[in-house]
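Visitor: As you go down the protein sequences, you meet chains G and C in turn.
Position one of the first sequence corresponds to residue 1 (my numbering), numbered consecutively onward.
Position one of the second sequence corresponds to residue 290 (my numbering), numbered consecutively onward.
Keep in mind that the hints were calculated from the coordinates and are not lab data.
Warning: the hint list may mix true and false statements.
Derived lysine to any residue pairs resembling SDA-like cross-links, with alpha carbons at most 25 Å apart [as the list claims (entries may be wrong)]:
id, chain 1, residue 1, chain 2, residue 2
1, G, Lys40, G, Gly59
2, C, Lys446, C, Glu378
3, C, Lys416, G, Arg51
4, C, Lys416, G, Asp39
5, C, Lys546, G, Gly54
6, G, Lys182, C, Phe352
7, G, Lys103, C, Ile379
8, C, Lys406, C, Thr329
9, C, Lys431, C, Glu417
10, C, Lys416, C, Gly548
11, G, Lys32, G, Asp95
12, G, Lys103, G, Ala71
13, G, Lys17, C, Glu387
14, G, Lys55, G, Gly78
15, C, Lys546, G, Ala22
16, G, Lys182, G, Asp57
17, G, Lys40, C, Glu370
18, G, Lys182, G, Ala287
19, C, Lys406, C, Val441
20, G, Lys17, C, Pro559
21, G, Lys32, C, Glu387
22, C, Lys546, C, Glu370
23, G, Lys55, C, Leu443
24, G, Lys55, C, Asp562
25, C, Lys416, G, Gly54
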Amino acid sequence: MTNAALIDLLSTWVIRKAPTDAACWFEQQATKLRSGATDKDLYLALGYAIRRLGKSDLGLSPDELAAARTARPGWDPGDWSIDQAARLVFILATDDGDAARFKARLEQLFRTADIGELITFYRGLPLYPYPELHIARAREGARSAMQPIFEAVAHRNPYPLEQFDENAWNHMVLKALFVGSKLHPVQGLDARANPSLMRMLCDYAHERWAASRPVSPELWRCVGPHADHAAIEDLARVLAAGGAVDRQAAALALTACSAPAARELLARVPELARAAAAGSPGWAALAAP
Amino acid sequence: MFVDSHTHMISRTTDDYERMAAAGVVACIEPAFWLGQPRTHVGTYIDYLSMICGFERFRAGQFGLRHYCTVGLNSKEANNEELADAVMEILPRYALKEGVVAIGEIGYDEQTALEDKYYRLQLELAKELALPVMVHTPHRDKRQGTLRSMAVALEHKLDPSWVVIDHNNEETVRDVLDRGFWAAFSIYPFTKMGNERMVDIVKTYGAERIFCDSACDWGVSDPLAVPKTAELMRRAQIAEDVIRKVTYDNPLAAYGKSGQINEQDWLNPPSIDQRTLYMGNSVLRGGQAPRIDEVPRGVDDNLHIA
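From just these sequences and the hints, can you work out the full model?
Guide: As structure tokens, this is what we get:
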């Protein structure tokens, strides 16, 4: 999908949602930026975006969300607001095919961004050209102490799945749990499960247990597929001593594990095993508050 | 409910935020100022402005306070010409950020030629971007510095109703009000204003275009100065509507001209804000009107700030 097609799609949503005079302003800015404007033009367009357009939810329909997925696999703008879409149009419009210039301009914007802009710019990661140039920036976002900024990278965003190496991926998943965020909205959790993450998560569970703090049932999702002997013992502990939701999660995790010890453990809890095999409740339901 | 229109929250602790929220402070404004020692290059200025538009705004939201800021080159650092020029270059990039309610705090420290130059440039910037101005009046030679700040603002054709003159005292208030500017008072122990004096000011001048703030920062200062002063006024039999003007309505009206601060921000925040910034607000969660007939929670019996 080309840059121009993404701009068109985003613009359609902005124009549909914007008041008439604001829609004209938006189109003028986008046109100006596409035909090669100055950095100052870009800063002003980004600065005035909220003042002109507000920040109401885009409220995309199922068809529009499907169009987004078709245009860019994994793209999930279901909770985007109008200013976010408009600002990303402005940024995409400045690309003239010079990768270094695009990256430098984007980096400059990140450096002087306020919170709303940071969330927007990180949400835009899957849309930017030259995706491999933005990895360090994306990792910076995943290190943020501001949870909504962390989540702009980690949640409903295909970029980490596609671009993060194993270390970056594992730390993003662990951090999500550490800051009390959800795992379910992270794309690619099952596909990118790995033994090293399994070990990190079990260690984290032990830390939490030692401090008598609760362990998120979601943690076990990334443990199951690669569970070793010690991890299966941890899951046995959850099955024996956990609450109802924890036990459902442990059964789901064990279902994803091919080790004979996992099968044996499941055989001891036939009702939970049956429900887990049927995916009821699945990880989405277990992630709900 | 209180608005504290002058707070340097980056120097304050989470205890302060909790006590402010408990005492009924719903919004605070963080003016860009110096850090107690001079910055030596523009990079640290950029990070500072990003911090007050970013992490501090987020941090305040975690305690149920809405956080706004002003951006500007302060008078002390205006004396470093190389730094000052570089800061003037980057200011337009910050002035239109969400929650930036004024250009400030700007004005004079020692009333040097460089301070004058950058004060004037920033008045022009405020005019160009239709933003209010927060003027820091000097600690030394205060009265002359205050008069000069106002004269220069008028010379640059600023509407005085868009300009807040801050850190007033008994010697400056009459001139400020007579010229049509907002007169803010920082209730700051030992150096600026005590709150018993503030009560007398309100008794003398009323509430028209007058408000108070804490100016709490890295020095000995009190983040509860506004709620404490409100309580002191209450005990001095000052009418509730007057108290409300001095501690809530007036700062909101002055900085509200920016379009960037509105009481709906805390009474009825848009869902996008609730998702990203704003947590644990007692007004929101309780839904009930705050009680104003008792000492606000978090304000102890020692109300006096000298």
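Visitor: Lys446 (chain C) and Glu378 (chain C): Cα distance at most 25 Å?
Guide: Within the cut-off at roughly 23 Å; holds.
Visitor: Sort out whether Ile379 (chain C) lies within 25 Å of Lys103 (chain G), counting only the CA atoms.
Guide: Holds, because 20 Å separates the two Cα atoms, which is no more than 25 Å.
Visitor: Sort out whether Asp562 (chain C) lies within 25 Å of Lys55 (chain G), counting only the CA atoms.
Guide: 9 Å, holds
Visitor: Does Glu370 (chain C) sit within 25 Å of Lys40 (chain G), going by the straight-line distance between their CA atoms?
Guide: Holds, at roughly 23 Å.
Visitor: For the pair supplied as a hint, Lys17 (chain G) and Pro559 (chain C), confirm whether the alpha-carbon distance does not exceed 25 Å.
Guide: 16 Å, holds
Visitor: Lys546 (chain C) and Glu370 (chain C): Cα distance at most 25 Å?
Guide: It is violated: about 31 Å lies between the C-alpha atoms, which goes past 25 Å.
Visitor: Given the hinted pair Lys431 (chain C) and Glu417 (chain C), is their alpha-carbon gap at most 25 Å?
Guide: 28 Å, violated
Visitor: Holds or violated: Lys103 (chain G) with Ala71 (chain G), Cα cutoff 25 Å?
Guide: 22 Å, holds
Visitor: For a C-alpha distance cap of 25 Å, please report whether Lys416 (chain C) and Gly548 (chain C) respect it.
Guide: Status holds; Cα separation ~14 Å.
Visitor: Is Lys416 (chain C) within 25 Å of Asp39 (chain G), Cα to Cα?
Guide: Holds, at roughly 22 Å.
Visitor: Quickly compare the C-alpha distance for Lys55 (chain G) and Gly78 (chain G) to 25 Å and report which way the hint goes.
Guide: 14 Å, holds
Visitor: Holds or violated: Lys406 (chain C) and Val441 (chain C), Cα atoms, limit 25 Å.
Guide: Distance of about 11 Å is within 25 Å: holds.
Hint check: violations occur at hints 1, 9, 22 and 23; the rest are consistent with the structure.
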